[in-house]
Amino acid sequence: MDVMPKWAEVVLVPLISLILAAILSALVILAIGEDPVEAVNLMITGALGSTYGWGYTLYYATNFLFTGLAVSVAFHAGLFNIGGEGQAMLGGLGVALACLLIPWPHWTLALIGATLAAGLFGAAWAAIPAFLQAKRGSHIVITTIMFNFIAAGLLNYVLVNLMRPAGSMDPATARFPETVHLPTLHDILGTVGISFSKAAPANVTFLIAVVACVLVWLLLWRTWLGYEIRSYGKSEAAAKYAGISPVAITMIAMLISGALAGMMAINNVMGEAERLVLNAVEGAGFIGIAVALMGRSHPFGVFLAAILFGFLYQGGAELALWTSIPRELIVVIQALVILFTGALDNMVRMPLERLFLMMRRGDA
Amino acid sequence: MDFLTLIQLLDSTVRLATPLLLACLAGLFSERAGIFDIGLEGKMLAAAFFSAAVAALSGSVWVGLLAGIGASVALSLLHGLASITFRGNQLISGVAINFLAAGLTVLIAQDWFSQGGRTPSLMGGARFEPVSLPFAEALSAVPFLGPVYSELISGHSVLVYLAFATVPMTWWLLYRTRFGLRLRAVGENPAAVDTAGVSVIGLRYAAVIICGVLCGIAGAYLSTALQAGFVKDMSAGRGFIALAALIFAKWRPWYALWATLLFGLFGALETRPDVIQSLIGIKVQGQLLAALPYIMTVIILAGFVGKAIPPRAGGEPYVKER
Numbered sequence: 001m002d003v004m005p006k007w008a009e010v011v012l013v014p015l016i017s018l019i020l021a022a023i024l025s026a027l028v029i030l031a032i033g034e035d036p037v038e039a040v041n042l043m044i045t046g047a048l049g050s051t052y053g054w055g056y057t058l059y060y061a062t063n064f065l066f067t068g069l070a071v072s073v074a075f076h077a078g079l080f081n082i083g084g085e086g087q088a089m090l091g092g093l094g095v096a097l098a099c100l101l102i103p104w105p106h107w108t109l110a111l112i113g114a115t116l117a118a119g120l121f122g123a124a125w126a127a128i129p130a131f132l133q134a135k136r137g138s139h140i141v142i143t144t145i146m147f148n149f150i151a152a153g154l155l156n157y158v159l160v161n162l163m164r165p166a167g168s169m170d171p172a173t174a175r176f177p178e179t180v181h182l183p184t185l186h187d188i189l190g191t192v193g194i195s196f197s198k199a200a201p202a203n204v205t206f207l208i209a210v211v212a213c214v215l216v217w218l219l220l221w222r223t224w225l226g227y228e229i230r231s232y233g234k235s236e237a238a239a240k241y242a243g244i245s246p247v248a249i250t251m252i253a254m255l256i257s258g259a260l261a262g263m264m265a266i267n268n269v270m271g272e273a274e275r276l277v278l279n280a281v282e283g284a285g286f287i288g289i290a291v292a293l294m295g296r297s298h299p300f301g302v303f304l305a306a307i308l309f310g311f312l313y314q315g316g317a318e319l320a321l322w323t324s325i326p327r328e329l330i331v332v333i334q335a336l337v338i339l340f341t342g343a344l345d346n347m348v349r350m351p352l353e354r355l356f357l358m359m360r361r362g363d364a
Numbered sequence: 001m002d003f004l005t006l007i008q009l010l011d012s013t014v015r016l017a018t019p020l021l022l023a024c025l026a027g028l029f030s031e032r033a034g035i036f037d038i039g040l041e042g043k044m045l046a047a048a049f050f051s052a053a054v055a056a057l058s059g060s061v062w063v064g065l066l067a068g069i070g071a072s073v074a075l076s077l078l079h080g081l082a083s084i085t086f087r088g089n090q091l092i093s094g095v096a097i098n099f100l101a102a103g104l105t106v107l108i109a110q111d112w113f114s115q116g117g118r119t120p121s122l123m124g125g126a127r128f129e130p131v132s133l134p135f136a137e138a139l140s141a142v143p144f145l146g147p148v149y150s151e152l153i154s155g156h157s158v159l160v161y162l163a164f165a166t167v168p169m170t171w172w173l174l175y176r177t178r179f180g181l182r183l184r185a186v187g188e189n190p191a192a193v194d195t196a197g198v199s200v201i202g203l204r205y206a207a208v209i210i211c212g213v214l215c216g217i218a219g220a221y222l223s224t225a226l227q228a229g230f231v232k233d234m235s236a237g238r239g240f241i242a243l244a245a246l247i248f249a250k251w252r253p254w255y256a257l258w259a260t261l262l263f264g265l266f267g268a269l270e271t272r273p274d275v276i277q278s279l280i281g282i283k284v285q286g287q288l289l290a291a292l293p294y295i296m297t298v299i300i301l302a303g304f305v306g307k308a309i310p311p312r313a314g315g316e317p318y319v320k321e322r
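Taken in sequence, the protein lines are chains A and B.
Reminder that position 364 of the first sequence reads as 364 in this note's numbering, one-by-one numbering, no gaps.
Reminder that position 260 of the second sequence reads as 260 in this note's numbering, one-by-one numbering, no gaps.
Since the hints were derived computationally from the structure, they do not count as laboratory data.
Computed from a predicted model, the values in this text were never measured in an experiment.
You may find that some hints are simply not true.
To be verified - List of simulated lysine-lysine pairs, DSBU-like, C-alpha gap at most 30 Å:
(1) K250(B) with K320(B)
(2) K6(A) with K135(A)
(3) K320(B) with K240(A)
(4) K135(A) with K250(B)
Stated by the list, open to error - Chain B stretches covered by chain A per the calculated footprint, using a threshold of three residues with CB under 8 Å from any CB of chain A:
(5) 88-94
(6) 240-247
(7) 283-297
Stated by the list, open to error - Calculated from the model, a selection of chain B residues having no Cβ within reach of chain A, i.e. all distances over 10 Å:
(8) L173
(9) V198
(10) L265
Quick reminder that beta carbons are idealized off the backbone N, C-alpha and C, glycines included.
Modelling step: build the complete structure from the supplied sequences, incorporating the hints.
Structure follows, in structure tokens:
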């Protein structure tokens with residue numbers, strides 16, 4: 001049945017899609033009168049040329065790791081969770097509540113508490129669309145989109161009316177206490193004598209995100225539950241016949257997905273801003289879609305894609321700083337990646353399959 | 001609340017409902033033909049930019065309108081290419097189109113005008129001016145009906161009247177023509193349409209192009225009539241509210257009119273918190289009003305209050321041979 005060898009499926013198809021997206025991005029840069037080669041050079045020096053650049057690249061990558069994993073887990077269950085944005089917003093609320101209400105003695109305990117709160121809030125925000133999909137058949141894509149907007153309204157209300165410190169005009173919470181400050185990569189690497197930029201926001205959360213990658217891999221490919229999730233995603237009818245409950249799998253997959261998206265908040269809210277602001281997520285929930293598509297929903301692929309997008313984000317910020325190319329270039333690249341690796345997948349796949357079929361006939 | 005406030009409120013309801021209505025009807029054509037479209041937002045945004053930009057450069061709003069429609073149809077064709085020709089995931093394609101529009105509009109705006117992602121303010125012939133209906137001035141003295149006619153019905157841009165006229169036209173096209181019957185059939189059971197010897201691909205492309213045209217008008221309205229120029233992300237979630245309205249309207253044209261008017265009213269009330277307070281005596285949070293269309297849609301989707309059943313073949317690419 002498989003027309004293409006596995007390596008072509010896993011490496012070649014995403015690579016060609018990526019190259020197509022890159023070519024079009026280069027054309028866009030040319031069209032606005034800039035030099036693509038110089039732009040790439042600037043992005044590489046800006047994002048990877050210093051520990052400061054790396055610190056930002058890894059910080060962004062941490063966000064995208066969480067949201068990318070979130071989208072991936074849902075994809076494996078055949079669900080398209082477009083609500084990572086809202087779930088990450090609610091995760092931020094969880095982190096803020098945990099950090100402000102509980103007097104943590106040490107950052108390690110605070111990190112555990114905040115991670116749990118973030119996961120819980122994110123999962124709770126995914127629970128309603130999941131329940132409606134499982135029990136009432138409401139399309140999860142539409143409900144999660146709606147929940148993104150409802151989350152934005154809710155967060156706006158909470159920040160403006162409930163959590164804003166008295167006398168402050170800014171729709172944001174108070175600063176978190178000093179005890180919940182997470183060690184940055186500068187602090188961590190400093191202990192083993194490696195000097196790393198002090199200004200960059202990358203922090204211990206990056207390591208947690210890597211652990212999350214491994215855990216998601218274990219869950220999906222080494223446990224019963226993961227097997228059930230994947231079989232449900234491949235064929236609902238077959239899974240039902242095998243005694244897998246669609247309601248349970250839809251709920252569990254979406255709860256895990258929402259929790260992962262919510263956990264992004266320990267990076268951006270607790271690790272970087274150290275307070276909850278209105279636009280804390282900054283579209284990372286949507287970038288998770290691009291990351292999951294590019295990473296073929298495999299944790300290792302998601303890891304690579306998240307680093308790439310972290311690089312694009314930091315590189316794009318540098319570009320905006322040094323050239324007249326606005327940051328929105330990254331949004332275009334992101335759109336092209338989603339388009340080619342997601343929607344136009346068959347455009348790349350069909351000719352390749354034909355090619356491999358021809359080669360096979362040639363051998364025989 | 002006095003009579004004049006009510007008229008003002010309804011007047012801004014009409015103005016805010018117009019882009020929603022056009023985008024909602026756009027989505028209706030696409031989804032009735034079985035192509036889910038969450039890219040309404042992106043198409044509106046692209047049209048808003050290109051109509052404002054071309055109107056600013058050419059000085060003619062009509063040329064701008066054509067450019068906006070062109071940009072929106074181009075994105076529609078991309079959606080068609082991905083979801084009809086290459087049988088890709090329609091939802092993912094929609095997401096990509098939204099981002100493509102969000103990024104490209106700012107990028108091109110910066111390149112063309114260097115004003116931080118906006119177009120110059122439109123003036124004179126580069127904007128859709130309000131149209132005074134005949135005798136609006138003369139009849140305004142007539143009690144009750146006078147103000148209703150001269151303030152509420154008269155004095156909108158031509159696109160508003162076009163939007164409202166699109167409702168009966170859509171109804172007629174969908175329910176009274178052969179094309180409409182086939183279009184609805186292709187969203188329910190494409191195999192049957194194919195068996196009858198009618199091109200599924202052709203019908204779906206036609207639906208997607210109509211969707212593009214309507215989204216284009218909606219976007220042009222935003223930047224050349226409702227406001228005078230394009231600013232970054234100016235569609236501001238309207239494409240998604242239109243999507244919500246479409247579900248709320250159960251994919252029917254007349255219901256779409258009422259749904260978008262209702263959501264337009266929420267939008268109008270958001271800017272007038274004093275009116276709500278005087279009306280029901282309690283202060284309603286603006287954030288709640290902003291989220292209300294989404295909350296109501298989720299409730300409708302949940303099927304607790306009336307059930308919204310989407311076209312049966314929606315979201316599924318049609319494969320001829322099985």
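These are the hints, each one checked on the structure:
1. K250(B) with K320(B): At roughly 28 Å apart (the allowed maximum being 30 Å), K320(B) and K250(B) satisfy the hint.
2. K6(A) with K135(A): 37 Å, violated
3. K320(B) with K240(A): 27 Å, holds
4. K135(A) with K250(B): 20 Å, holds
5. 88-94: holds (count 6)
6. 240-247: holds (count 4)
7. 283-297: holds (count 8)
8. L173: Answer for L173(B): holds, closest chain A Cβ roughly 25 Å.
9. V198: About 24 Å separates V198(B) from the closest Cβ of chain A, which puts it past 10 Å; holds.
10. L265: 17 Å, holds
When the structure is compared with the earlier hints, a violation turns up for hint 2 alone.
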